[in-house]
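Chemist: Please build the complex by placing chain Z on the supplied structure of chain G, with the hints as guidance.
Line order of the protein sequences matches chains G and Z.
Note that numbering that gives the first Met the number 0 has the first sequence beginning at 0, numbered continuously upward.
Note that numbering that gives the first Met the number 0 has the second sequence beginning at 0, numbered continuously upward.
Among the clues, some could well be false.
Each pair may be met inside one copy or between any two copies, as identical chains are not told apart.
[What the hints assert, rightly or not] Dumping the calculated EDC-like pairs for lysine to aspartate or glutamate here, alpha-carbon to alpha-carbon at most 20 angstroms:
#, residue 1, residue 2
1, 652, 205
2, 360, 205
3, 84, 449
4, 352, 553
5, 581, 357
6, 61, 559
7, 397, 553
8, 61, 553
9, 352, 497
10, 352, 643
11, 552, 43
12, 39, 357
13, 109, 453
14, 561, 573
15, 203, 456
16, 128, 456
17, 323, 569
18, 58, 573
The hints are simulated quantities; they were obtained by calculation from the structure and are not laboratory data.
Number of protein chains: 2
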Amino acid sequence: MILQLDLNIFQIASVAIAVLAFGASIWLYRWVASQPSSNKRIAEVGRLIRSGANTFLGKEYKVLTRFCSVAAILILVFLPGPIWKGNILDNVQMAVAYLFGTVFSAIAGKVGISIATIANIKSAEAATKGIKPSFMSGFRGGAVMGMSVVGASLLGVTLVLLLTNKTMALLGFSFGASSLALFAKAGGGIFTKTADVSADLVGKVELGIPEDDPRNPAVIADNVGDNVGDVAGMGADLFDSNVASMAAALVMGVALDRANGTTMNAAMVFCYAAIGLLASIIGVMTARMRDDGSPTKALNSNTYVTCVVFGVLTALATYLFNFKWQIWFASTIGLAVGVIIGIASDYFTDDTKKPVHEVAKASKSGPAFTILSGTSYGLMSTLPAMVGIGISALAAYKICEPLGPGYAMFGISMAAVGMLSIVGMIISNDAYGPIVDNARGLVEMGNLGDEALEITDSLDSAGNTVKAITKGFAIGAAGLTVIALLGAFISEVNHAAEILGKPLITGFDIIDPLVFLGLLVGAAIPPVFSAMLMLGVDRNAQRMVAEIHRQFKEIVGLKEGKEGAVPEYDRCIEIATIGALKELVPAGLMAIFATLIVGFIGGVQAIGGFIAGNIVSGLIFALFMSNAGGLWDNTKKYVESGHEGGKNSAAHKSAVVGDTVGDPFKDTAGPSINTQITVVSLVASLTATIFLAFSLFG
Amino acid sequence: MILQLDLNIFQIASVAIAVLAFGASIWLYRWVASQPSSNKRIAEVGRLIRSGANTFLGKEYKVLTRFCSVAAILILVFLPGPIWKGNILDNVQMAVAYLFGTVFSAIAGKVGISIATIANIKSAEAATKGIKPSFMSGFRGGAVMGMSVVGASLLGVTLVLLLTNKTMALLGFSFGASSLALFAKAGGGIFTKTADVSADLVGKVELGIPEDDPRNPAVIADNVGDNVGDVAGMGADLFDSNVASMAAALVMGVALDRANGTTMNAAMVFCYAAIGLLASIIGVMTARMRDDGSPTKALNSNTYVTCVVFGVLTALATYLFNFKWQIWFASTIGLAVGVIIGIASDYFTDDTKKPVHEVAKASKSGPAFTILSGTSYGLMSTLPAMVGIGISALAAYKICEPLGPGYAMFGISMAAVGMLSIVGMIISNDAYGPIVDNARGLVEMGNLGDEALEITDSLDSAGNTVKAITKGFAIGAAGLTVIALLGAFISEVNHAAEILGKPLITGFDIIDPLVFLGLLVGAAIPPVFSAMLMLGVDRNAQRMVAEIHRQFKEIVGLKEGKEGAVPEYDRCIEIATIGALKELVPAGLMAIFATLIVGFIGGVQAIGGFIAGNIVSGLIFALFMSNAGGLWDNTKKYVESGHEGGKNSAAHKSAVVGDTVGDPFKDTAGPSINTQITVVSLVASLTATIFLAFSLFG
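One chain only, chain G, in its complex shape (with noise of 0.2 angstroms):
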């Protein structure tokens, strides 16, 4: 059966289903807000929370709307093409689009805190009524931002090319959504860990109070930290990755449809995001908690049951709309793959393998094994998802390349489609994260007893295997996106040479020097990178570690715990949030300015060995980092759980220094990197004419 449909009918059964999710969202959100809640020392703090979350969003979209307004304005002059010299709609649907990507990544960021400072107390006090319900209001919330996420990022693709008919405008888009990940991501990665460091520092080492003691000035910010860097900050991430891989694939499918005269390839491009997206609400609206009372397999079984459906429904649409099979393949390969990355990343990191096993049992001859072998199994968990990543590369390019020129880099984009297409599922897992830790905050502050502790223990230990996952899984999706991305700028590129009337460029050669700097230079963007976010913690958490000491000596009686010697919370986040929004600016410009630079020395030519290089690099970067830390925070929580020599043996003191050093590598640097290389990618992509027009050497 073949059914022969426009281009429309796929856009506005996108907008479709966007719409959908946001009724999923909302019918959800009302879900979680009316489930009971009555404890008022919760309620009090899940408010500070709250507060403290807005604080910190309020001035880092304050920072960002100066820089965005900058960036547009340069967009509006330069993009595409000088305003003098092109045509000025051009510009104008560029500067438009970019803020409108800003915007969209800024209220789905606002929709996932304003869920997760709700979910948080409800399933804290669920947790006194058992595991299930306190299970799924942390996993209710989190869907909240998984479906308005994806919602959002569908919505606003379809809707740019819809107006405007301009793929460029796409990158545009895409440029917004990356810009204000590129800040949500580092500012909230820095934010958090500053918290949670110093937090930790002071509470737990020097003073020996427990985690999440209400005594502790930076709890509060602790608990914001996990809303603004894990919700808010990994939602902007996949907003910009989902966004970024659709913005690739269209690219290409579009070209590839103007070349043969068809819509087809455009078409298809919808179809399989819009069914992603359909299969993630099926996958979010049907999970359960079984009666085995396991977080881990109700979020791990519903992962796959999305992928299933995801396989199935756009396997029928392929053999209905008579797509091609061969991208069908393309596809699947793409999620395929995306899954056993993320099962490596598990193996890596799963208190039950021998890493966490291994990492331990060094850990009883000092903290310099932790690290030495946690760093070693980190760099080893590199492998299987750059072999991953290339053979799901090589594999579509494969299959795809019999179709035709230009297809088998658009059968490498829809593989990327095809691993993002879960991601509304996997959003909503690790959204859930820090939703439950912040639950097992709120029990543990609000005294809600042993057995409430003991299930949001459970459940964010769960949140804490999936998120592992997770990552791994948002890592490689990066990767493959990039890739494709690689694929559009070469596109865009060409298309800028034949109006200029330049040669097309046909590759990136690697024994050609120019590509070689820039191979060179891009490898060490994502280390730079990551190590200004760091040392930014490493400076804000002095700062912050200074005003705990601060208020421990000069409130009196905190120390002790005395009726009515409250902390000054706000002090905390106030220093969080400026430290980190100090912090994360230099960073970011320098990934921007360094693609400038390359590409006005060494040309289109070079940008492409650079985009390579940050590829390259950024992957192993961002791997290494997120697994190494996911390990170290695991073995403590093994050694915790009473294994060689349990808490407070010398492998638990080893453990926690690993933990320490974990914490930003894998919320801080490790996934900041990812953003990092789609602004480089989307820089080099929209800055490309400029390049070609005037360079140094290219």
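Modeler: Chain Z only, in chain G's frame:
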């Protein structure tokens, strides 16, 4: 003035200068040996170190004999082509050249160990007379190694080409040097860090006895380690780089000469390499310590003398023999960039500069912050070198490109030759480090008094500073060399392609998914390789710590230092030796097999990407690990000298953790990556013909 000389004259001159270097080496050896020594205790400890080093070397060479024999047989059967298909003589020559390379490298290592274990005694005893004689014994001891390594490499390369007249045989010779270097560097690196870490862990940390205390059963092994790791290993490493750079330049130079009917380019390679050695001889023989008594200045100023002599003499030769000035420029740029990279490494590790001060400050908050800040600066330190290598390659390429086809890549290879021209001086400086480090231990064990200890401390500290510079230099040189090897790889592939009637390779396009797959997998090898080595150190140290514990428990009176209670030093040396050899083999084979697997799957294109990815990520990890390790080492010393609380403060405890993490970084994993890169490039070049004839997707 223009002299027309035959290629043979240059080759004979090279042999003559190599012989001159051997003469210098013998003179220096005799000078060192003739220095007075009378202390019996020192003589006894010196004997123990010497015999321990010989034990290690003996066992290592036994393992290597087996490994290299197998490799030689495989080469005989398969390379350059299957023996049943090609010319038997080719295969025999290749196998013999390979064995030749391994033997030359082994002899140079043996000579180095032999003099280092004499010079340490002489330098220790001379310390009672003043800093100048002590310095001279240490430096001239190192210079014996420097002169013999570079003499051997020049002699070997010249003889191989003279006897076979085949550039392919040069790659075989180079591969021999590489396979020995891989094992010498990695094996020695595992040995030295096993001993160092275990000695510190039990001695300094657990029992609180000073470094180099003779009661510690690991103390001799620790001193042996300095010799086998830093002297023999590093010598093999630079022997390897030096041979590889000459081989790459000759492969391309001879190809150019054949195409143009001249012998000028090959002559130039010999001429420049010989002048480099001559400049190093002059630099070494004129090295003196000034009256200011600064060993760092003495070491550095002579490096600069060598650079200037090289620049002037090569300019003169270029004028005299009518060589191309563009190539002289390329070569000089290489040397200049090498020096710049060294200086950048120095900035990140010098204890008068900001990074060390910041890490020391952060250490006050605990070991996690030592690690985080040190990691960050280590990551940042990669940028200047990556940019420097990229720019020097670009400049060399662009300057030589107008000379005609093939000259551009030849220019890069000559930049590498230029960078490595002063390698004789570099090795001398580098080998000086472990000699005076040993001398310090001997002064301590022989109770030569505080003044002598202070002198050797100051010599040792200079050794550490210079080591950071020479390591940066060695990594930069390896980077440029391997880029040149990529050129040699293409040369060889196309030579084979012509014979097989296959299309010629013009380059490696990043957009080709085979190249990209290679890029991703190649980039993952250095992290995995270094992780395997570090885990090896970890496992080995655990075994050794258990042995030290056993001895302190079972040998009565050892802990208290009773007369007659002597530890079993031999057992520790044995454990370190056996463990090191056991741990290094899998890592080395992993790198080689990964190359072969990628080649058989993706063919020549995938291998091109694989080499590039391997270079890029290898450089980053080598720089990161070497510099972070050096930074932590100097931070510890900086704190110990009274900053941030001084010895036994919280900052000091943290700094010790940093140093322990840094040790395997800087002495095992980091510098071994150099060799890993060269091995991979050479395996790829040698097996290129096979992949051309058969591969799954290529």
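Chemist: Each hint: holds or not?
Modeler: Each hint, compared with the structure:
no. : hint      : result
1   : 652 x 205 : both (12 angstroms within a copy, 16 angstroms between copies)
2   : 360 x 205 : between (25 angstroms within a copy, 18 angstroms between copies)
3   : 84 x 449  : neither (70 angstroms within a copy, 77 angstroms between copies)
4   : 352 x 553 : neither (46 angstroms within a copy, 36 angstroms between copies)
5   : 581 x 357 : between (39 angstroms within a copy, 19 angstroms between copies)
6   : 61 x 559  : neither (39 angstroms within a copy, 67 angstroms between copies)
7   : 397 x 553 : neither (68 angstroms within a copy, 66 angstroms between copies)
8   : 61 x 553  : neither (33 angstroms within a copy, 69 angstroms between copies)
9   : 352 x 497 : neither (55 angstroms within a copy, 52 angstroms between copies)
10  : 352 x 643 : within (15 angstroms within a copy, 40 angstroms between copies)
11  : 552 x 43  : neither (25 angstroms within a copy, 58 angstroms between copies)
12  : 39 x 357  : neither (44 angstroms within a copy, 45 angstroms between copies)
13  : 109 x 453 : neither (30 angstroms within a copy, 62 angstroms between copies)
14  : 561 x 573 : neither (25 angstroms within a copy, 61 angstroms between copies)
15  : 203 x 456 : within (18 angstroms within a copy, 39 angstroms between copies)
16  : 128 x 456 : within (15 angstroms within a copy, 67 angstroms between copies)
17  : 323 x 569 : neither (57 angstroms within a copy, 70 angstroms between copies)
18  : 58 x 573  : within (10 angstroms within a copy, 62 angstroms between copies)
Checked against the numbered hints given earlier, the structure breaks hints 3, 4, 6, 7, 8, 9, 11, 12, 13, 14 and 17 and satisfies all the rest.
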